[in-house]
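Work out the full structure, taking the sequences as your base and the hints as a guide.
Chains as they are written, first to last, in our numbering: chain L, 47 to 123; chain F, 1370 to 1575.
Don't read these hints as lab results, they were simulated from the structure. Even glycine gets a Cβ: it sits at the ideal position worked out from N, Cα and C. Be aware that a few hints might be false.
[To be verified] Just a sample of chain L residues kept apart from chain F, beta carbon distances all over 10 Å, derived:
no.	residue
1	CYS70
2	GLN76
3	VAL90
4	GLU91
5	GLU92
6	PRO95
7	ASP106
8	GLU110
[What the hints assert, rightly or not] The list that follows gives simulated cross-link-like pairs (lysine to any residue, SDA-like), each with its CA atoms no further than 25 Å apart:
no.	chain 1	residue 1	chain 2	residue 2
9	F	LYS1556	F	THR1512
10	F	LYS1459	L	GLU112
11	F	LYS1556	L	GLN54
12	F	LYS1426	L	ALA61
13	F	LYS1556	L	LEU96
14	F	LYS1545	L	ASN105
15	F	LYS1545	L	GLU119
16	F	LYS1459	L	SER116
17	F	LYS1459	L	ARG108
18	F	LYS1493	L	ALA61
19	F	LYS1426	L	GLN54
[What the hints assert, rightly or not] Listed below are several chain F residues computed to face chain L (Cβ distance under 8 Å; list not exhaustive):
no.	residue
20	GLY1405
21	THR1442
22	LYS1502
23	ILE1503
24	ILE1507
25	GLU1530
26	MET1558
27	GLY1562
28	PRO1565
Below are the chains, spelled out letter by letter.
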Amino acid sequence: MPSQSSVQSMMRAIAATRQIEIGCDECFEQLDRFVDLKIAGENVEEALPLVWQHLERCNDCREEFELLLSMLEAAAP
Amino acid sequence: MSERSNLEWCEILAPPPDNAAITDLRIILVRGLRYGLTERDVTEADLEDFVQDALLKILRELASFRGEARFTTWAQKVAVRVALSELRRKRWRDVSLQDLLTRQADSDFTPAVLTDPTPNPEQKAVQGIMMDKIQYIIAEELTERQRQAMMAVMQGGMPLEEVAVRMGTNRNALYKLLHDARKRLQKRMMGEGLSPDEILAMFDEA
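Below you can see the structure in the form of structure tokens.
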């Protein structure tokens, strides 16, 4: 049985659901490019919208994105 | 350490890989992960293990590097996946899916809104009816696997990767299973004139 907070998470997820979404594998394939574009100051939401949307929905992939971004930003000149 | 182009990295790491290039790459990966994982409970030995596994994976999968990003970004992406997969595995190793789902079923089910002494009784009743309705829709629309996965991820907070292992699948397939579940619920709710945003607002008002 869902708790109230999980119903709220579920409603947010359902509201954000699109017919076409990429999976974790496709997101991972493009994650390095996504992060390089982000560091270069590009509008990643426009450049790679499906990756951006996936990162909004998938906690595992978002965690990987955030860690990779922090590592690269720290190393940036 | 010299800056190498993507092509140079690929050539120098192709079999047989150049030891100096591997040393350089190891330094980059250790430095990156050490910084990125500062807040976590990670030892130097863990870092060495992550980097060693990542290096092997990088060499094995070198041909899959498409050159659309910097090579070092791609390599660090591989290292991030290796490290976080291992950290997730350790964090959740003693939790079975059954335990997680049973714990949830036994715990709270009474929604906070129903036990909160302050809300207005009429609103409370409407929220209770909506919870029943949502439960009914979930039971009707989703398969047992979809329900289990959704509860483990959304209520139990277990990473997809760990739920996938326990369900005998992989993370990508599990994401697709959950995407299909969300689409089914969305369609059914739309058919019944239920808006997720309105339901959210209804609970946020509590």
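Going through the hints against the structure:
no.: 1; hint: CYS70; verdict: violated (5 Å)
no.: 2; hint: GLN76; verdict: violated (8 Å)
no.: 3; hint: VAL90; verdict: holds (12 Å)
no.: 4; hint: GLU91; verdict: holds (18 Å)
no.: 5; hint: GLU92; verdict: holds (17 Å)
no.: 6; hint: PRO95; verdict: holds (16 Å)
no.: 7; hint: ASP106; verdict: violated (5 Å)
no.: 8; hint: GLU110; verdict: violated (5 Å)
no.: 9; hint: LYS1556(F) / THR1512(F); verdict: holds (15 Å)
no.: 10; hint: LYS1459(F) / GLU112(L); verdict: holds (20 Å)
no.: 11; hint: LYS1556(F) / GLN54(L); verdict: holds (17 Å)
no.: 12; hint: LYS1426(F) / ALA61(L); verdict: violated (38 Å)
no.: 13; hint: LYS1556(F) / LEU96(L); verdict: holds (21 Å)
no.: 14; hint: LYS1545(F) / ASN105(L); verdict: holds (14 Å)
no.: 15; hint: LYS1545(F) / GLU119(L); verdict: violated (31 Å)
no.: 16; hint: LYS1459(F) / SER116(L); verdict: holds (22 Å)
no.: 17; hint: LYS1459(F) / ARG108(L); verdict: holds (19 Å)
no.: 18; hint: LYS1493(F) / ALA61(L); verdict: holds (23 Å)
no.: 19; hint: LYS1426(F) / GLN54(L); verdict: violated (39 Å)
no.: 20; hint: GLY1405; verdict: holds (4 Å)
no.: 21; hint: THR1442; verdict: holds (4 Å)
no.: 22; hint: LYS1502; verdict: violated (10 Å)
no.: 23; hint: ILE1503; verdict: holds (6 Å)
no.: 24; hint: ILE1507; verdict: holds (7 Å)
no.: 25; hint: GLU1530; verdict: holds (5 Å)
no.: 26; hint: MET1558; verdict: holds (7 Å)
no.: 27; hint: GLY1562; verdict: violated (14 Å)
no.: 28; hint: PRO1565; verdict: holds (4 Å)
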